[in-house]
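Asker: For the protein sequence lines, the chains are A and B, in the order given. Everything in the first sequence is counted per my numbering, starting at 1 for the first residue and increasing by one. Everything in the second sequence is counted per my numbering, starting at 1 for the first residue and increasing by one.
A portion of the hints provided could be inaccurate.
Claimed, not checked - Which chain B residues face chain A? A few, computed with CB under 7 Å, are given here: (1) Met37; (2) Asn85; (3) Lys103; (4) Gly109; (5) Leu111.
Source of the hints: derived by calculation from the structure; they are not laboratory data. The C-beta atom is built at its ideal place from N, Cα and C for all residues, glycine as well.
This is what each chain is made of:
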Amino acid sequence: MTANEISKRKQTVAELQSVNNLLNTILTTAPIGICFVDRDLRFVRVNERLAEINGIPAEAHLGRTVSEVLPTLAEILHEVTGRILATGEAVLNHEFSGETPAAPGVTRFWCEHWYPVRDGTGEIMAFGGIVEDITERRLAEEALRASEERVHQVIDSMFTFVGMIAPDGTLTEANHASLAAARLSRSDVIGKPFWDCYWWNYDLAVQKRLRASFDRAVRGEVVRYEETIRVADDQQAVLDFMLKPVFDGERLLFVIPSAEDITWRKQAEAERQLREAERASEGERLTQFFKQAPSFMAMLDGPDHVFQRANDAYLRLVGGRNVVGQPVRELFPDVEGQGFFELLDEVYASGQAFVGRDVPIAFQNDGSGVAEQRFLDFVYQPVVGLDGQVSGIFVDGHDVTEHRRDQAALQERLNEIEALYANTPVGLALFDRDLQFVRVNKALAEINGIPQSDHIGRSIWDILPTLRDALEPRLLEVLQTGEVTEFEVSGEIPGKPGVIKAWSAKYYPLTQPNGAIVGVGAIVDDITERRRAEAAMRASEARFRGTFENAAVGVAHVALDGAWLSVNEKLCSIVGYSRDELLTMTFQDITHPEDLDADLAQQGQVLSGEVSTYAMDKRYVRKDGSEVWIALTVSLQRLETGEPDHFISVIVDISAQKDAEAHREFLMRELAHRAKNQLAVIQGVASQTARSAGSLDEFRELFSNRLQGMVISADLLVAQQWDGTPLEDLVRRHLEPFGTAGGRLVCQGPDVFLGSNATESIGLAFHELATNCVKYGAWSVPTGVVRVRWTLDSDGAQPPELQLDWTERGGPAVTPPTREGFGRRVIERMVAQKLGGTVNSVFDVGGLSWTLRVPPTQFVALPPGGGSRPF
Amino acid sequence: MNLHPHRVLIVEDEVFIAAELEDIVRDAGAEVVGPAMSAHDALRLIENHEITAAILDVRLGDHDSLPVARRLVAAAIPFIFHTGNSDSEALSNDWPQAVIVRKPSTPEGLLTALAAVTKK
Chain A
1 MTANEISKRK QTVAELQSVN NLLNTILTTA PIGICFVDRD LRFVRVNERL
51 AEINGIPAEA HLGRTVSEVL PTLAEILHEV TGRILATGEA VLNHEFSGET
101 PAAPGVTRFW CEHWYPVRDG TGEIMAFGGI VEDITERRLA EEALRASEER
151 VHQVIDSMFT FVGMIAPDGT LTEANHASLA AARLSRSDVI GKPFWDCYWW
201 NYDLAVQKRL RASFDRAVRG EVVRYEETIR VADDQQAVLD FMLKPVFDGE
251 RLLFVIPSAE DITWRKQAEA ERQLREAERA SEGERLTQFF KQAPSFMAML
301 DGPDHVFQRA NDAYLRLVGG RNVVGQPVRE LFPDVEGQGF FELLDEVYAS
351 GQAFVGRDVP IAFQNDGSGV AEQRFLDFVY QPVVGLDGQV SGIFVDGHDV
401 TEHRRDQAAL QERLNEIEAL YANTPVGLAL FDRDLQFVRV NKALAEINGI
451 PQSDHIGRSI WDILPTLRDA LEPRLLEVLQ TGEVTEFEVS GEIPGKPGVI
501 KAWSAKYYPL TQPNGAIVGV GAIVDDITER RRAEAAMRAS EARFRGTFEN
551 AAVGVAHVAL DGAWLSVNEK LCSIVGYSRD ELLTMTFQDI THPEDLDADL
601 AQQGQVLSGE VSTYAMDKRY VRKDGSEVWI ALTVSLQRLE TGEPDHFISV
651 IVDISAQKDA EAHREFLMRE LAHRAKNQLA VIQGVASQTA RSAGSLDEFR
701 ELFSNRLQGM VISADLLVAQ QWDGTPLEDL VRRHLEPFGT AGGRLVCQGP
751 DVFLGSNATE SIGLAFHELA TNCVKYGAWS VPTGVVRVRW TLDSDGAQPP
801 ELQLDWTERG GPAVTPPTRE GFGRRVIERM VAQKLGGTVN SVFDVGGLSW
851 TLRVPPTQFV ALPPGGGSRP F
Chain B
1 MNLHPHRVLI VEDEVFIAAE LEDIVRDAGA EVVGPAMSAH DALRLIENHE
51 ITAAILDVRL GDHDSLPVAR RLVAAAIPFI FHTGNSDSEA LSNDWPQAVI
101 VRKPSTPEGL LTALAAVTKK
């Protein structure tokens, strides 16, 4: 080692020594605790300060472990040093609290810094600790915090509005009351210019006034005035408002705004003023009140209860008796024995008030001796004088007789309603909002088939499960909308499964006065029978309609003025009008004018009640103008009140009957005429026969033959109802009596049907021809033959004429007759004239040829093979 | 009773009665026109013959002789109704100038009536 080196080392040692000294000085004199512990946490060094903190001498630490010296802190230090070993990092600002051996039971706070002390290799060989006792600081801080908090709490709990405004006008603090009043949060206002805050910014004038006041406060003035601010819900509050500056010497620290809500006080003031104004007349009013109060009042004085005063109501109660100055017993002998005087005595004696309710009292106010029963609510209030003794009794009360009566009436009405509810045949029920039965009456219980009591408290769906689908939407609708719903429903009832019933149901909301719907009311009516009756009615109506429409006679309903109300088909067909046409007309319109008066006269008799129905034959004029005879039967339908409502007319078409009657009359006249005519004819026959007959015998023969011929024609016509006769029949029947057998008559011709006129005329002609033929012609000898032929002459005019030929052969030679007798006149002239035809007679040597041409009006040609009779 | 030289129209559709009337009138000396069996024939005969009187059967089949009567009234030719009708009252009301002879009649009754009307 060189000297230099030695010198250097010395220098180094000196330096180290110096550092060590410094450290020691620091260690010993520093106001903080310092220590070193080895890895086993044994104290290596401890300075005085720390020893002082720990309350143990420094030497007592050395060589001992932390656990031994500071058992309560050992655990924490183990944890801290363990953390340092694990991380190699220092643990700084570790605050903890605990007790020290020096002061057990006293909690102290420390702030500690622990750091690793490494050897030359960097290995941690020890831990250095710096401990600062921060107990006092901490306590001071906590005291401050607590104090601040208390201030805040006090400020916040004040009803008074308080805040703090920075010199520039920024609001830095506002208490709870001020925020809550306007429902503000701190962030709404803190940091904003004071005058721009919610409370003021509803009105520019308020803001301006506030700013001016703030300027004055800033200059050192305490400003106080009443201000109206805005609080929650746009309400306003009147404030006793103050701005107070706080200075630190010359420097303005802040301005404190404070305010008290004097809204109520303001209102109270206004009310007090009003009351005071009123009080002036109170004395008078009290008197009036006493006098006119609806309750009866009286003041009784002394032990004998002498009336001092009594108000109008009292006087009315006691029947207008003059009471003042009189003792009650003398005034009201009629009340004696009812206990009232005894009560007064007792109240007077005891000084205890008496309150009576509904007390009956009997007055004989009208002097009739009949006591009137009334009921009173009243108070006997003792009046105590200045000496503390009872001096009188104040009587105050109400006559509740009417009230009782009202109540009784109300109860009666309630009973009635109850009875109605219980006994009405309509089903009634009340449900709560859960649709549980609250009430149900007997009728509804019967409808449901379940006892009344079994409903209560149960859900409607328990009772009527099968109707849930139908009812639930309706009921919920009532609960939701509060609107009444009415409908018909049918289904099974619980009590009688399988029986289908129909009901009309009405559901209405049960509402409270505030409109809240608290349930549903139900009105249910069993309409099964009604429905059945309606169905039966419809069926009956249909049957009636069927009868009405299908009747074989006309049926109509006719209004009292004659208008057709309803008519059936048959009537339409009788009168030839359509139903629509008829319904716009009256029966007068279609009644034959000659029959109308008679009809109206009889109708008047029905209306007046003289007869209940009438019947008549009359004529309608049909639409086509023709008349139709009808038999009319009319009855009157009356209303239940007896008032005539309409006529029911039954109309039978009797035109056929009328025609038959007319026909019969015609026939009767015709018969008379024909009979006389026939006599005239027979007279003619007789006369004509007599003119030509040579003897009476001859007359008799000719006359009876001619009559016979007429009878033949008549028989033929009768057989055909006088319409006519087939030509061949006519020929054969007329000629048979003349002996035509054995081929002496030859008939030939098509089927021709002669009219009645031609039947008579041609029959007569054949008779006369045959008579002549037997007398002078072909049939006068045994070999003579007559041929009768007829043809339809179709080559001339259309329609064809009938040509009839009578040809005699095989008889004697004929000569034309010299005299024109009856027969000849008939054959040659009259038959042709009568038929409008022509005739030609030829008296040939071979025999008579007679030809008659008949115009088509007198006959009908029948088609070959026959056919129906044409006439 | 002589009716000469009257020309008497006979209107009658019953053949026997027509023949009898013809004989009666002719026997009374008058000339017979007809007998016509229809109104149509009768009106034609009136046109063609200067008749001076007429006997009218009222009913002619389905028709009547009233058109003939009207013509005769218009021509102022006297006539009688020869009818079996019971409603002669209505007839005399309608035809106050006519004389009515009821069927059955006698020749004398007819001729008297004819004489009466022709003499007026």
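Asker: Against the earlier hints, flag every one the structure doesn't satisfy and list their numbers going up.
Answerer: 4, 5
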